[in-house]
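Asks: Residues per chain, in single letters:
There are 2 protein chains.
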Amino acid sequence: MSLLVIGTVAFDAIETPFGKTDKIVGGAATYASLAASYFYDKVNIVAVVGDDFPEEEIADLNKHKVNTEGLQVKAGEKSFFWSGKYHNDMNSRDTLVTDLNVLADFDPIIPESYQDCDFLMLGNLSPQVQQTVIERLKNRPKLIVMDTMNFWMDIAMEELLATIKLIDVLTINDAEARQLSGEYSLVKAARKILTMGPKYLIIKKGEHGALLFHEDHIFSAPALPLAEVFDPTGAGDTFAGGFIGYMAKVGTVNFNNMKNAIIFGSALASFCVEKFGTEKIRDLSQDEITARVQEFVSLSKFEI
Amino acid sequence: MSLLVIGTVAFDAIETPFGKTDKIVGGAATYASLAASYFYDKVNIVAVVGDDFPEEEIADLNKHKVNTEGLQVKAGEKSFFWSGKYHNDMNSRDTLVTDLNVLADFDPIIPESYQDCDFLMLGNLSPQVQQTVIERLKNRPKLIVMDTMNFWMDIAMEELLATIKLIDVLTINDAEARQLSGEYSLVKAARKILTMGPKYLIIKKGEHGALLFHEDHIFSAPALPLAEVFDPTGAGDTFAGGFIGYMAKVGTVNFNNMKNAIIFGSALASFCVEKFGTEKIRDLSQDEITARVQEFVSLSKFEI
Numbered sequence: 001m002s003l004l005v006i007g008t009v010a011f012d013a014i015e016t017p018f019g020k021t022d023k024i025v026g027g028a029a030t031y032a033s034l035a036a037s038y039f040y041d042k043v044n045i046v047a048v049v050g051d052d053f054p055e056e057e058i059a060d061l062n063k064h065k066v067n068t069e070g071l072q073v074k075a076g077e078k079s080f081f082w083s084g085k086y087h088n089d090m091n092s093r094d095t096l097v098t099d100l101n102v103l104a105d106f107d108p109i110i111p112e113s114y115q116d117c118d119f120l121m122l123g124n125l126s127p128q129v130q131q132t133v134i135e136r137l138k139n140r141p142k143l144i145v146m147d148t149m150n151f152w153m154d155i156a157m158e159e160l161l162a163t164i165k166l167i168d169v170l171t172i173n174d175a176e177a178r179q180l181s182g183e184y185s186l187v188k189a190a191r192k193i194l195t196m197g198p199k200y201l202i203i204k205k206g207e208h209g210a211l212l213f214h215e216d217h218i219f220s221a222p223a224l225p226l227a228e229v230f231d232p233t234g235a236g237d238t239f240a241g242g243f244i245g246y247m248a249k250v251g252t253v254n255f256n257n258m259k260n261a262i263i264f265g266s267a268l269a270s271f272c273v274e275k276f277g278t279e280k281i282r283d284l285s286q287d288e289i290t291a292r293v294q295e296f297v298s299l300s301k302f303e304i
Numbered sequence: 001m002s003l004l005v006i007g008t009v010a011f012d013a014i015e016t017p018f019g020k021t022d023k024i025v026g027g028a029a030t031y032a033s034l035a036a037s038y039f040y041d042k043v044n045i046v047a048v049v050g051d052d053f054p055e056e057e058i059a060d061l062n063k064h065k066v067n068t069e070g071l072q073v074k075a076g077e078k079s080f081f082w083s084g085k086y087h088n089d090m091n092s093r094d095t096l097v098t099d100l101n102v103l104a105d106f107d108p109i110i111p112e113s114y115q116d117c118d119f120l121m122l123g124n125l126s127p128q129v130q131q132t133v134i135e136r137l138k139n140r141p142k143l144i145v146m147d148t149m150n151f152w153m154d155i156a157m158e159e160l161l162a163t164i165k166l167i168d169v170l171t172i173n174d175a176e177a178r179q180l181s182g183e184y185s186l187v188k189a190a191r192k193i194l195t196m197g198p199k200y201l202i203i204k205k206g207e208h209g210a211l212l213f214h215e216d217h218i219f220s221a222p223a224l225p226l227a228e229v230f231d232p233t234g235a236g237d238t239f240a241g242g243f244i245g246y247m248a249k250v251g252t253v254n255f256n257n258m259k260n261a262i263i264f265g266s267a268l269a270s271f272c273v274e275k276f277g278t279e280k281i282r283d284l285s286q287d288e289i290t291a292r293v294q295e296f297v298s299l300s301k302f303e304i
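Residue numbers (UniProt numbering), protein chains in the order written: chain A, 1 to 304; chain B, 1 to 304.
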């Protein structure tokens, strides 16, 4: 029994109205595996970096009990690098640099020791690579969660649709749900997307929370209203990692557990945005997480 | 003990992607009093119309037990008329026509029989007129709820701030909360607005629900995800009317009752948008309302 996270492990340079960073460690698999590690202790990652990636960063993942046996280090190559600048509203950003580097020909090799995978998180990557991972697992995991983005809808819709067919939970934002379905109403969009393969759809709405769709059921999760959003980078990956980490912990896949998983994922994401990059989610205590989850409870509870 | 609603009673002509109407009856006081009437049976209105306003429409308000003694009918004058066209996303609209007519010199006269007012809903009107109503009530109501909009912030900020000082609950949308406070973060905006007079602030976020702020407490209410929004006109007024109608029914002003009032108000608003104008909220049963409120409960409930 283990949880496999696939995605980028990379460098980011981020500028927000609050400041800017040099190259710091980021990447979907970094955020997601760190978040998952607070709930589950058999988290494996598959990713690729160049030999410019600091060994102490890998050691820090290991300290969080994230197994990096599947992290390929390519000699003489450079790690994926993304740089972006957020606008004042923090809801939109400009990409300044995208250097694929090692990611350009990433072949996701699954170590034999990872083959007991029950829970699979496909972080945002080309849908072709995501599909390859599914194919290379000898047994179909109990739960496959996939994150993707508008970029793949623009340039690889066919591959995306083929991969979506194979998964259980799709996590996208509201604009992406509209793009993928061609429907403006999120209810209609969800109905359509749930015929494309996934049994569950999570629509992330940032500061407005998230919606979970399954058959005819809908769950609306609040977002924690925050005085400051310092840096939104990685919030979606952190959400997804917290979500699947919690699911792996409880073990049983059903709508009620997914509702709670969304709350735990949202709680982790609410920490993530409080500092630059992965800083805040490297150093959380279980008490802090429990207290934050209680804030979500009191935020949305009413008795009629 | 009674509930007083002040606002417009007017004509609207509405165009949405689903169709367009001729002149139909609208206005903040119409929506709000109809919504309130499902929870409370002593609803009084103060408003003004011209003699072009159909008597049967007044009779229909009376059929809903809305007392129209304070509805002034100006001989030889015309009722307020607004015409607007919604964009495809239904979240934005263009105003095509605004004919103030009788509204231009509206003097809100409070009938003596309304002076037992415990709950006061100040529908969207000039803040000067809203303030006059407060001054003309011999006893300060137990709860004063005020709705306003960006228009008054643009042209009458000083009067608006003077009126806001006198009230208990302010209902505005997220853009208006940002404009009024000069803060982008809604948490910071709320903190600032709660120093301006109101003890409670409701920020309406349309399809994303609503936030209630009071001291250090926040309640996040979901919106019902709808397959079709047919016509959003009056949804905010219906929300406010349902909110204060429920508060008048339970009688006690506290945070928990307000949370429920927001759910009931949201339920009424979710009906409102299903048809053009006031059509849907003229003909609801208590069973329909109860069932809709239950949808809000199951939408947002989780057990951690």
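Warning: the hint list may mix true and false statements.
Simulated crosslink set (EDC-like; lysine to aspartate or glutamate; CA at most 20 angstroms straight-line) [stated by the list, open to error]: (1) LYS205(B) x GLU207(A); (2) LYS301(A) x GLU295(B); (3) LYS205(A) x ASP60(A); (4) LYS188(B) x GLU228(A); (5) LYS199(A) x GLU215(A); (6) LYS188(A) x GLU303(B); (7) LYS23(A) x GLU69(A); (8) LYS205(A) x ASP216(B); (9) LYS259(A) x GLU303(B); (10) LYS205(A) x ASP89(B); (11) LYS188(A) x GLU228(B); (12) LYS259(B) x ASP216(A); (13) LYS192(A) x GLU303(B); (14) LYS301(B) x GLU295(A); (15) LYS205(A) x GLU207(B); (16) LYS188(A) x ASP216(B); (17) LYS280(B) x GLU207(B); (18) LYS249(B) x GLU303(A); (19) LYS249(A) x GLU303(B); (20) LYS188(A) x GLU274(B); (21) LYS301(B) x ASP216(A); (22) LYS205(B) x ASP60(A); (23) LYS259(A) x ASP89(B); (24) LYS188(B) x ASP60(A); (25) LYS192(A) x ASP216(B); (26) LYS188(B) x GLU215(A); (27) LYS301(A) x ASP89(B); (28) LYS301(B) x GLU303(A); (29) LYS192(B) x ASP216(A); (30) LYS188(B) x GLU207(A); (31) LYS259(B) x GLU295(A).
Label pairs and their computed distance ranges (CB to CB) [as the list claims (entries may be wrong)]: (32) GLU288(A) x LYS165(B): 26 to 32 angstroms; (33) ALA162(B) x GLU303(A): 52 to 58 angstroms; (34) ASP89(A) x LYS165(B): 26 to 32 angstroms; (35) ALA59(B) x ASP89(A): 47 to 53 angstroms.
Honestly, the hints are just simulated from the structure, not real lab data.
Beta carbons are placed, not taken as given, at the ideal position from N, Cα and C, and that holds for glycine.
Asks: In ascending order, which of the hints set out earlier in this document are inconsistent with the structure?
Replies: 3, 6, 7, 8, 12, 13, 16, 22, 23, 24, 25, 26, 27, 29, 32 and 33
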